[in-house]
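Student: Chain by chain, the residues:
Protein chains: 2
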Amino acid sequence: MERLLPMSPDHDPNGGNSSSPGGGQTGKEQQAAGVGILLQIMMLVLSFVLGHVLRRHKFYYLPEASASLLIGLIVGGLANVSDTETSIRTWFNFHEEFFFLFLLPPIIFQSGFSLSPKPFFSNFGAIVTFAILGTFIASVVTGVLVYLGGVMFLMYKLPFVECLMFGALISATDPVTVLSIFQELGTDVNLYALVFGESVLNDAMAISLYRTMSLVRQNASSGQNFFMVIVRFLETFVGSMSAGVGVGFISALLFKYAGLDIDNLQNLECCLFVLFPYFSYMLAEGLGLSGIVSILFTGMVMKHYTYSNLSENSQRFVSAFFHLISSLAETFIFIYMGFDIAMEQHSWSHVGFIFFSILFIGVARAANVFSCAYLVNLTRPATRKIPAKHQKALWYSGLRGAMAFALALQSVHDLPEGHGQTIFTATTAIVVLTVLLIGGSTGTMLEALQVVGDAHEVSLVEHNFQNSEGNHSYVAPSYDEDSSSGNKIKMKLKEFHKSTASFTALDRNYLTPFFTSQNGDEDDDFDEPMPTSRRGGFRH
Amino acid sequence: MERLLPMSPDHDPNGGNSSSPGGGQTGKEQQAAGVGILLQIMMLVLSFVLGHVLRRHKFYYLPEASASLLIGLIVGGLANVSDTETSIRTWFNFHEEFFFLFLLPPIIFQSGFSLSPKPFFSNFGAIVTFAILGTFIASVVTGVLVYLGGVMFLMYKLPFVECLMFGALISATDPVTVLSIFQELGTDVNLYALVFGESVLNDAMAISLYRTMSLVRQNASSGQNFFMVIVRFLETFVGSMSAGVGVGFISALLFKYAGLDIDNLQNLECCLFVLFPYFSYMLAEGLGLSGIVSILFTGMVMKHYTYSNLSENSQRFVSAFFHLISSLAETFIFIYMGFDIAMEQHSWSHVGFIFFSILFIGVARAANVFSCAYLVNLTRPATRKIPAKHQKALWYSGLRGAMAFALALQSVHDLPEGHGQTIFTATTAIVVLTVLLIGGSTGTMLEALQVVGDAHEVSLVEHNFQNSEGNHSYVAPSYDEDSSSGNKIKMKLKEFHKSTASFTALDRNYLTPFFTSQNGDEDDDFDEPMPTSRRGGFRH
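Respectively, the protein sequence lines represent chains R and F.
According to this note's numbering, the residues represented by the first sequence are 1 to 540, in order.
According to this note's numbering, the residues represented by the second sequence are 541 to 1080, in order.
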């Protein structure tokens, strides 16, 4: 509580004869705290520099996230060996509060904020299918397999509900590493939109599922029925989404009518703009909903509507601002994960659990991707079907990152008798392995699948090139062909697909004119050839 | 510890039958935490909007800082009346750690970073005199008067050393409110530079003095002599300054040679840039020095050297970034101060202490300003003497803000038996009164003294107008006239004055070419007609 006050650690009055209350910390501990933060900042700087050097030399086997993780692992290992271990650990072992209040919100907001509307909306049906249905499938499959593994004594046995919780948290895929490589190599915009859209939305789904399962576990004794579980899930998901969208719309109207862009009040504009996401996050938390889900949708709405009501300077600033803080938060999370893994006394009795978990999440992701792709392809015309190589790339891209780690950290508190610890250890191991292995091999995989340098290749240099006409055929798919098959499911799926198409129309005809100050047809948001990743250089 | 996890407050498993450790917080408390932060964000938004409306209508009696303080006072008062009081208070009553780790560093850095070099360096001697010698005089005078007041039973009696500590902390003046009005009304650049430079540098002086006195108090029994006190003070001040300047120089060299500005890596550039100030802060803390002093000098060095090594986009971004976060932090601090003052159960037995303190700090500031101005005028040629009306404006501008509040918060821990509490109550009262009264009347005062609309008037609209030639006569003062008086002190003062002039030459001939990539004569930093305040719109 009193660390880092402007009082010198050497001469801490609390260590002296002062009668101040709670002065339990010695000067040495305070010094260690300072050294701990210094170390963290140096690791951050090192990560950025190393990542930059690696990228400049086109060394794709160690992306930035992997580099950060490795730096954390190495420093953690060194600290573990040295004597100062305990005092440094106390500073690294920070509370989840910091994680959830300061690190996660900017990352999630940036996910939503950096979604490029055009490829996202043209693949909206597929993305929603993968994110909602697919994550549900993956969670259940993982949960059931882990439970069966436990029953068959292959691995540590967990209760069924806890297996489902593990399934939910481990189904949250992370976009960072894969996408930075996608962008670096230049890949098909539709594949990019699928991978990005899925990994962003499935965080929201995974957290809602996790929370629902946590409720089920808690109320198992009070005899809640399955129906109530579904209601609770919808309550969390839809409620959070509505809160997020609502806050986003309010911000759009505020900026539309406040006229701040005319008055040259860039600082005021930016201050207000950066407060809204956090407002959305806290509103959802205050209402007992999920802040993460809410801030994600706020990000999407604010990018789509509020953003275009800003002055040009502020637009440039807020993009750079959210990019900056999410980069810092992400890098910090990867460093922290590496450090934590090196510092923790992991019980290696979990090694079987880890091994089979990895196997099972691979199976579960296959069940997710290929079944959902089958469903999506049923509704799409022949020209727009998701090709098999894209499905494989999507399957391969499912590495686990910050969200899985955060939920696992949470589960340590939620679950009794070391079950949470087992899940946490397994999750951190899975995160490290997938980040290092999948992250390191994505380039090779993309080349092997021949999806590199596809039609809509975009390199960093060509960012400003306007090829929005190039993939125009994807935007307005023709629904009139191939509809004679008469399959009932197919019909329903097509109706859903049409509803997403009509959402685009709704957006264009009503929402955009109402919430933004731009004219209906000059859509500023749609001129980006490719969504920007959360790392790497960005356009000017 | 477990507040604000993504777990629903309503259905918190820790409140249920979970066996997780440390689950002492109930769902209700978690909800209150969410509501508390929501409230804070809404107050921030309200402050920005209200401040904007007031400024737009040119209502100078309630500047933004005063508005924020009032909003805090009102909401605090309402919360005090309502039933939810206790739960909201737990969230507002945050630790000093948050204050010192997250709120103060950006404000202090921005102080240094927004210093405009030209008027600052041309008035360097005067500013240093006011900040170092003047703050010392003000601290000692206040301390002695408060002690005498105690001895004469006019006010609560404190030990002499604690009186000096109080004198030191209350001598830290705050630039925010006064300067925003100065800038709004347009005043003489030299007066502006004096007020700004003094209030920035005297924070560093006040904190060093406070710490030195704190050490003296602590080691009173161990028989330290006066000489050691001086050494300790110099150690803290010079050590912190060197650390800050050193980190600034390192950053300048890094950006000069890394070549990030060529490669279009704006995000990487900005990430690294924003890490350095914090690094400086933590380095000083880790070394047992003052982080505040260190980060201030890092800000000055980074603005002067590192900044010009950035790409143009990054320059624009980092200026806006530090402006943004310091605005947020400042507004938050003023809201928080207001809220805290409304919530605390102040014992009004301190009312005498408050009354006489205000009287004494007025006297002490007069001793500071007029004696230092006399000394400075001894060395200056007749054309450059500080006029009496500027001295009066300077005397009047000494309102107390965040730094005094922070140190008073600190003193609650440092001092025994409610002495700290007395100082804290007095300081908060002084902060509120000076912010509201001085802040509200600065416009009137400037008009009464006829320093409004002086020679170098700059309005917000004219920011880009390059009038750097206009006050050129101030930069190279002619030292060869008026040197025949032969007074010894006068000679010494002039030597000091010359050394500051030679510092300008050193900077121009050696430091700038070495640490920046620009040519010697095209000095990018010097084209700003007037330093930007930490609030208000900024140039593009």
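Derived by calculation from the structure, the hints in this document are not laboratory data.
We put the CB at the ideal spot given by N, CA and C, even for glycine.
Watch out, some of these pointers could steer you wrong.
To be verified - A short list of chain F residues far from chain R (calculated; beta carbon distances all over 10 angstroms):
| hint | residue |
| --- | --- |
| 1 | His592 |
| 2 | Phe700 |
| 3 | Leu823 |
| 4 | Phe861 |
| 5 | Tyr1050 |
| 6 | Phe1054 |
What the hints assert, rightly or not - Listed next, the in silico DSS-like pairs over lysine-lysine satisfying Cα-Cα at most 25 angstroms (straight line):
| hint | chain 1 | residue 1 | chain 2 | residue 2 |
| --- | --- | --- | --- | --- |
| 7 | R | Lys392 | R | Lys58 |
| 8 | R | Lys58 | F | Lys796 |
| 9 | F | Lys598 | R | Lys256 |
| 10 | R | Lys385 | R | Lys58 |
| 11 | F | Lys932 | F | Lys598 |
| 12 | F | Lys929 | F | Lys598 |
Claimed, not checked - Some but not every residue of chain R turned toward chain F, in silico, with C-beta under 8 angstroms:
| hint | residue |
| --- | --- |
| 13 | Ile37 |
| 14 | Leu44 |
| 15 | Phe48 |
| 16 | His52 |
| 17 | Val53 |
| 18 | Leu54 |
| 19 | Leu148 |
| 20 | Val151 |
| 21 | Phe153 |
| 22 | Ser327 |
| 23 | Ala366 |
| 24 | Phe370 |
Student: Evaluate each hint against the coordinates.
Tutor: To see whether the hints hold, each was checked on the structure:
1. His592: violated (5 angstroms)
2. Phe700: At roughly 17 angstroms from the nearest Cβ of chain R, F:Phe700 sits farther out than 10 angstroms, so the non-interface label holds.
3. Leu823: violated (6 angstroms)
4. Phe861: Not fine: 6 angstroms to the nearest Cβ puts F:Phe861 too close to chain R.
5. Tyr1050: Per Cβ check, F:Tyr1050 is outside 10 angstroms of chain R; nearest 27 angstroms; holds.
6. Phe1054: About 22 angstroms separates F:Phe1054 from the closest Cβ of chain R, which puts it past 10 angstroms; holds.
7. R:Lys392 <-> R:Lys58: holds (24 angstroms)
8. R:Lys58 <-> F:Lys796: holds (23 angstroms)
9. F:Lys598 <-> R:Lys256: Judged against 25 angstroms, a Cα distance of about 23 angstroms means the pair holds.
10. R:Lys385 <-> R:Lys58: violated (32 angstroms)
11. F:Lys932 <-> F:Lys598: Holds, at roughly 24 angstroms.
12. F:Lys929 <-> F:Lys598: Judged against 25 angstroms, a Cα distance of about 24 angstroms means the pair holds.
13. Ile37: OK, holds: R:Ile37 within 8 angstroms of chain F, min 5 angstroms.
14. Leu44: For R:Leu44, the interface hint holds, since the closest Cβ of chain F sits about 6 angstroms away, which is under 8 angstroms.
15. Phe48: holds (5 angstroms)
16. His52: With a closest approach of 5 angstroms, the R:His52 hint holds.
17. Val53: Constraint on R:Val53 not satisfied, violated at 10 angstroms.
18. Leu54: Given a least distance of 12 angstroms, the restraint on R:Leu54 is violated.
19. Leu148: Check failed: Cβ of R:Leu148 comes no nearer than 26 angstroms to chain F, outside 8 angstroms.
20. Val151: Violated, because the Cβ-Cβ distance from R:Val151 to chain F comes to roughly 24 angstroms (cut-off 8 angstroms).
21. Phe153: violated (25 angstroms)
22. Ser327: holds (6 angstroms)
23. Ala366: Hint violated; R:Ala366 Cβ to chain F Cβ min 28 angstroms, cut 8 angstroms.
24. Phe370: R:Phe370 check fails; min Cβ-Cβ to chain F is 30 angstroms, beyond 8 angstroms.
Of the numbered hints stated above, those contradicted by the structure are hints 1, 3, 4, 10, 17, 18, 19, 20, 21, 23, 24, listed in ascending order.
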